[in-house]
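2 protein chains.
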Amino acid sequence: MKQNIYDNDTFFKSYTSLRKTGVTYNDFVEQPAIKSAISTLNGKTVLDLGCGNGQFSKYCVDNGAVKVTAVDISMNMIEQAKHENKHDKIDYICTPIEDYEVKNQKFDLIVSSLMIHYVEDYTELIEKVESLLNKNGEFIFSTEHPIVTSRKEMNNWMKDEGGNKLHWKLDHYQEEGKREQHWYVDGVVKYHRTISTLINTVIQSGLVLEKLIEPQSIPSGLEKMPKLMNEKRRPSFIVIKAIKQND
Amino acid sequence: MKQNIYDNDTFFKSYTSLRKTGVTYNDFVEQPAIKSAISTLNGKTVLDLGCGNGQFSKYCVDNGAVKVTAVDISMNMIEQAKHENKHDKIDYICTPIEDYEVKNQKFDLIVSSLMIHYVEDYTELIEKVESLLNKNGEFIFSTEHPIVTSRKEMNNWMKDEGGNKLHWKLDHYQEEGKREQHWYVDGVVKYHRTISTLINTVIQSGLVLEKLIEPQSIPSGLEKMPKLMNEKRRPSFIVIKAIKQND
Numbered sequence: 001m002k003q004n005i006y007d008n009d010t011f012f013k014s015y016t017s018l019r020k021t022g023v024t025y026n027d028f029v030e031q032p033a034i035k036s037a038i039s040t041l042n043g044k045t046v047l048d049l050g051c052g053n054g055q056f057s058k059y060c061v062d063n064g065a066v067k068v069t070a071v072d073i074s075m076n077m078i079e080q081a082k083h084e085n086k087h088d089k090i091d092y093i094c095t096p097i098e099d100y101e102v103k104n105q106k107f108d109l110i111v112s113s114l115m116i117h118y119v120e121d122y123t124e125l126i127e128k129v130e131s132l133l134n135k136n137g138e139f140i141f142s143t144e145h146p147i148v149t150s151r152k153e154m155n156n157w158m159k160d161e162g163g164n165k166l167h168w169k170l171d172h173y174q175e176e177g178k179r180e181q182h183w184y185v186d187g188v189v190k191y192h193r194t195i196s197t198l199i200n201t202v203i204q205s206g207l208v209l210e211k212l213i214e215p216q217s218i219p220s221g222l223e224k225m226p227k228l229m230n231e232k233r234r235p236s237f238i239v240i241k242a243i244k245q246n247d
Numbered sequence: 001m002k003q004n005i006y007d008n009d010t011f012f013k014s015y016t017s018l019r020k021t022g023v024t025y026n027d028f029v030e031q032p033a034i035k036s037a038i039s040t041l042n043g044k045t046v047l048d049l050g051c052g053n054g055q056f057s058k059y060c061v062d063n064g065a066v067k068v069t070a071v072d073i074s075m076n077m078i079e080q081a082k083h084e085n086k087h088d089k090i091d092y093i094c095t096p097i098e099d100y101e102v103k104n105q106k107f108d109l110i111v112s113s114l115m116i117h118y119v120e121d122y123t124e125l126i127e128k129v130e131s132l133l134n135k136n137g138e139f140i141f142s143t144e145h146p147i148v149t150s151r152k153e154m155n156n157w158m159k160d161e162g163g164n165k166l167h168w169k170l171d172h173y174q175e176e177g178k179r180e181q182h183w184y185v186d187g188v189v190k191y192h193r194t195i196s197t198l199i200n201t202v203i204q205s206g207l208v209l210e211k212l213i214e215p216q217s218i219p220s221g222l223e224k225m226p227k228l229m230n231e232k233r234r235p236s237f238i239v240i241k242a243i244k245q246n247d
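Taken in sequence, the protein lines are chains F and D.
Residue numbers for the first sequence follow the UniProt record's numbering, beginning at 1 and rising by one.
Residue numbers for the second sequence follow the UniProt record's numbering, beginning at 1 and rising by one.
Since the hints were derived computationally from the structure, they do not count as laboratory data.
Among these hints, one or two may not hold up.
As the list makes no split between identical chains, a pair holds if one copy fits it or if it spans any two.
Straight line, CA to CA, 35 Å or less: simulated DSBU-like cross-link-like pairs of lysine-lysine [unchecked claim]:
1) Lys-227 with Lys-82
2) Lys-135 with Lys-2
3) Lys-169 with Lys-224
4) Lys-67 with Lys-135
5) Lys-211 with Lys-82
6) Lys-190 with Lys-159
7) Lys-67 with Lys-86
8) Lys-190 with Lys-211
9) Lys-178 with Lys-224
10) Lys-89 with Lys-67
11) Lys-2 with Lys-103
12) Lys-35 with Lys-86
Whenever a hint applies, use it, and build me the whole structure from the sequences.
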């Protein structure tokens, strides 16, 4: 059973009201890094894995993509995407990534934003991505940084009595697997993987690693969300870009 | 001025008596990982950057290397190497890596064991390595893991009153540069770099990343040095392997 927290009503309401503020880690840290890694969208076919509300899919067509296939497990998210980011060059499809099947179609760019830490079988996913890329196609994904997913307990800032952050608590780094946490609702499951697993699996699939980004906030984020200064102390996300050199 | 702590008498005595025990992080964690990453030594020419006491250079000729050039900044180490690991297929050269010049000679394998965190200009070093590799040549190096070099203060295990390790203290991850510490003597300088810097610099030099290893202890290490269990909690080292695909 694939996890579908976005169709939990409590979670969905909290999540969408957060995202609507436009003042989030996504806006200032993760999305700028993903976008900076794309060589060009002009004339490209795109697969958006875990498209959420369709904001990034819409960004792709607004910047020259000729076709975007946008996939998400959550009917809530797909309905919101169809409502807010409808476009005749975007196909929204509601299915778990793991079950997504496509024949006789490949893509120039495959992007996945903060979805892969929910997927149990990382190797299978990466192999599927590799098989769906055109020659010279790009794969760019973000995931929670192993530094933040490793420790099994939550509340990972060590604080003094005044609530000041002293350091980040790190532990259990080599113990890959499930991490359960409370994020609006109890029992949200994410999967911790080491950096070497994240990278070696991509390379073993046949893709060529081009770049790693451990993003910090863009300047406007530091003004609007001062706590993003903490991204200097420990990275929340990692962005990996790889290329399919051979067909 | 390049740092040469190994020619400090106090440091050198402590360091050599530690290494002679054969019960070290090098023996059980770092060297097994380096060796596992080498495709073959048979018939290969090797450059050993930061060769220390020559143990690894000797391992190379014992396992089929036809010629090893072994470089170290420390006269103490080079003299020990010439004494303990002398071999007519090994040339020991005493010079800082940064000043090492060689004309009309390239290598099939370049290895550097736990030296690169002492080097200030990482980009220059990687570009030199790339220029010294034959086509299809391998570059394998280990360095202290960014998780352990990041925090500016030392004593990075958070302990309870009974001395039990609660978690690893992580901080200052994105602030690259000098970290000064006490290791037998005061003022040992190491350079912290993020994982993205370590990897992207290799890729930008033209080398192709093949593998990342965040090694744990081999089983015999856990018997002889029980504290190596802590390598599961946070990795001390990272090993990077890259290939020169084009000449």
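Hints versus structure:
no., hint, verdict
1, Lys-227 with Lys-82, "within (33 Å within a copy, 55 Å between copies)"
2, Lys-135 with Lys-2, "within (30 Å within a copy, 45 Å between copies)"
3, Lys-169 with Lys-224, "both (26 Å within a copy, 28 Å between copies)"
4, Lys-67 with Lys-135, "within (17 Å within a copy, 40 Å between copies)"
5, Lys-211 with Lys-82, "within (32 Å within a copy, 41 Å between copies)"
6, Lys-190 with Lys-159, "both (24 Å within a copy, 28 Å between copies)"
7, Lys-67 with Lys-86, "within (13 Å within a copy, 65 Å between copies)"
8, Lys-190 with Lys-211, "both (24 Å within a copy, 25 Å between copies)"
9, Lys-178 with Lys-224, "both (33 Å within a copy, 31 Å between copies)"
10, Lys-89 with Lys-67, "within (5 Å within a copy, 60 Å between copies)"
11, Lys-2 with Lys-103, "within (23 Å within a copy, 58 Å between copies)"
12, Lys-35 with Lys-86, "within (20 Å within a copy, 54 Å between copies)"
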